[in-house]
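Okay, here's what each chain looks like letter by letter:
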Amino acid sequence: MLELVRQPWPWYTSGAVIAFVMVLLLFFGKSFGVSSNLRTICSACGAGKSVKFFDFDWRSQTWNLLFLVGAVLGGVISSQFLSTGEAVQISQATIQDLGQLGISAPRGIQPEELFSLEALFTVKGFLILLLGGFAIGFGARYAGGCTSGHAISGLSNLQWPSLVAVIGFFIGGLLTTWVLMPIIF
Amino acid sequence: MKGLKFILAGILFGIVMSKSEAISWFRIQEMFRFQSFHMYGIIGTAVILGVIITYLIKKYKLRDYQGNPIVFTPKEKSVPRYLIGGVIFGLGWALTGACPGPMFVSIGYGYWAILLAVGGAIAGTYTYGVLKDRLPH
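Those sequence lines, one after another, are chains A and B. Mapping of the first sequence onto the numbering used here: residues 1 to 185, in sequence order. Mapping of the second sequence onto the numbering used here: residues 1001 to 1137, in sequence order.
It should be emphasised that the hints constitute simulated quantities derived from the structure, not laboratory data. For glycine and all other residues, C-beta sits at the position ideal for the given N, C-alpha and C.
Ranges of calculated distance between the beta carbons of each label pair, as one might list FRET restraints:
no.	chain 1	residue 1	chain 2	residue 2	range
1	B	Leu1004	A	Leu82	17 to 25 angstroms
2	B	Tyr1060	A	Gln92	43 to 51 angstroms
3	A	Ala44	B	Pro1080	24 to 32 angstroms
4	A	Ser91	B	Ile1048	21 to 29 angstroms
With the rest of the complex left out, here is chain A (with noise of 0.2 angstroms):
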């Protein structure tokens, strides 16, 4: 049993489970969004005092903050204990497309030429993480939501400007990669 768990999961099995998150936190009284506790965390520093859009009462999303705690032990518990340590087994055309940027095929989850901390301590390497983390940022709380909240919850709900978002991710996710990524890379 351990074994089958410690292979790649599917993706039928992970959308499942996913799903299953956001109906176990409608139960719970709640919605499923995870971008939200960034606006918390920035309350919670403070920043209420100077800047009105985050002058809320952080306390009452602690839940959201738990679950984020919950996420950072979920991917300690996968690493540590429930994985075989292989490769992600992507697909041989992006392996190729990824090796004319100079991304080198997986040897873990991440490629190392962005995640290692040598790379980090690179100037392309660390604009690369910082900037992309700003916009992500950014971006979430403009469009009041992330891949949770909208493309999950959002769609889920048939809501039509989920559906604006969440195509609004794409075409910012396919510049970057049609037209940045050969520019940046």
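Following the hints, position chain B against chain A.
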């Protein structure tokens, strides 16, 4: 402890995001290059099941564990904020190969470098809060 159930839900989320490789930069690249069905399968299954379950919750007016009705707040109708915000989010999503949830899972997985992206995301959120009233919504 009242908060324990949220931690447990988060643990389940963290395990499934890492075991299905949805936290992987490689998988996000594969998705944006249309070279695999994997990520579309994950999101598609979650959304289709989500639509069915949300429909049933509304139809049978189901209640949460405390007996309160489960309410779904409609999103405000607007195009600019969702489209512009969405595109900016997407730029970062493909670059770092992470969205806000998977970022935190990756930290737990041992990829410390992504803490920098988390710091960037917090700074980005703060900047939005400062500029909010000057942006088209």
